[in-house]
Amino acid sequence: AQSVTQLDSHVSVSEGTPVLLRCNYSSSYSPSLFWYVQHPNKGLQLLLKYTSAATLVKGINGFEAEFKKSETSFHLTKPSAHMSDAAEYFCVVRGPYSGGYNKLIFGAGTRLAVHP
Amino acid sequence: GAGVSQSPRYKVAKRGQDVALRCDPISGHVSLFWYQQALGQGPEFLTYFQNEAQLDKSGLPSDRFFAERPEGSVSTLKIQRTQQEDSAVYLCASSFDRSSYEQYFGPGTRLTVT
Numbered sequence: 002a003q004s005v006t007q008l009d010s011h012v013s014v015s016e017g018t019p020v021l022l023r024c025n026y027s028s029s030y031s032p033s034l035f036w037y038v039q040h041p042n043k044g045l046q047l048l049l050k051y052t053s054a055a056t057l058v059k060g061i062n063g064f065e066a067e068f069k070k071s072e073t074s075f076h077l078t079k080p081s082a083h084m085s086d087a088a089e090y091f092c093v094v095r096g097p098y099s100g101g102y103n104k105l106i107f108g109a110g111t112r113l114a115v116h117p
Numbered sequence: 048g049a050g051v052s053q054s055p056r057y058k059v060a061k062r063g064q065d066v067a068l069r070c071d072p073i074s075g076h077v078s079l080f081w082y083q084q085a086l087g088q089g090p091e092f093l094t095y096f097q098n099e100a101q102l103d104k105s106g107l108p109s110d111r112f113f114a115e116r117p118e119g120s121v122s123t124l125k126i127q128r129t130q131q132e133d134s135a136v137y138l139c140a141s142s143f144d145r146s147s148y149e150q151y152f153g154p155g156t157r158l159t160v161t
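If you read the protein sequences in the order shown, they are chains A and B.
Numbering of the first sequence is given in my numbering, commencing with residue 2 and proceeding in unit increments.
Numbering of the second sequence is given in my numbering, commencing with residue 48 and proceeding in unit increments.
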């Protein structure tokens with residue numbers, strides 16, 4: 002079965018310092034993985050996606066993630082945090098292909114706080 | 048172009064009341080998904096439509112939950128005889144076609160059952 006585990010429920014960083022949000026996945030086949038961000042009172046927004054092409058994936062707003070099969074990980078990073086990065090981040094795996102579609106399976110989320 | 052819209056944004060219902068939550072997907076999107084997000088949790092899949100056909104309702108928590116998309120565009124999620132455990136944010140997402148993995152989410156409807 003497909004699943005993701007986000008290793009930290011809360012992460013706090015200072016503005017200008019690096020961000021690391023950790024995610025491990027479980028999949029019986031080559032997964033498609035995503036990171037979504039959720040700002041208060043706004044819809045979920047896709048940050049980046051991995052679909053078996055390059056293992057280092059670049060997304061919007063300076064975020065990137067690296068797919069590591071040997072570690073079953075897909076950690077999200079950013080070199081320098083900005084105040085506007087404060088939000089909830091979800092690691093997501095595409096569910097098994099069934100009936101011609103894919104549902105998304107979300108992790109529990111990591112709340113990122115950025116301090117001045 | 049407009050994104051996915053949902054209404055109402057907030058709904059307070061007394062226990063036992065029926066509620067209806069509306070989703071307007073992006074125009075032309077074939078696939079439509081409903082997810083439920085409990086407080087402090089990630090969204091969980093409820094049901095899926097391809098055009099007007101409901102192909103998967105395996106995530107609906109009980110037979111009090113009902114969803115429809117009669118003309119293949121707007122969708123309504125109905126909850127009958129609401130219970131406190133139904134309190135959550137209900138998210139709607141759409142995607143261009145059935146094989147597309149990129150889903151576009153609406154802002155959600157926050158349902159509070161008192």
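Hints were generated in silico from the structure; no laboratory data involved.
Check the hints yourself; a few may be wrong.
As the list claims (entries may be wrong) - Simulated pairs of lysine-lysine, DSS-like, Cα-Cα distance not exceeding 25 Å:
1) B:K125 / B:K58
2) B:K125 / A:K43
3) B:K125 / B:K61
4) A:K59 / A:K70
5) A:K43 / B:K58
6) A:K69 / A:K59
Find the hints from earlier in the document that the structure breaks and name them by number, from lowest to highest.
-> Structure breaks no hint.
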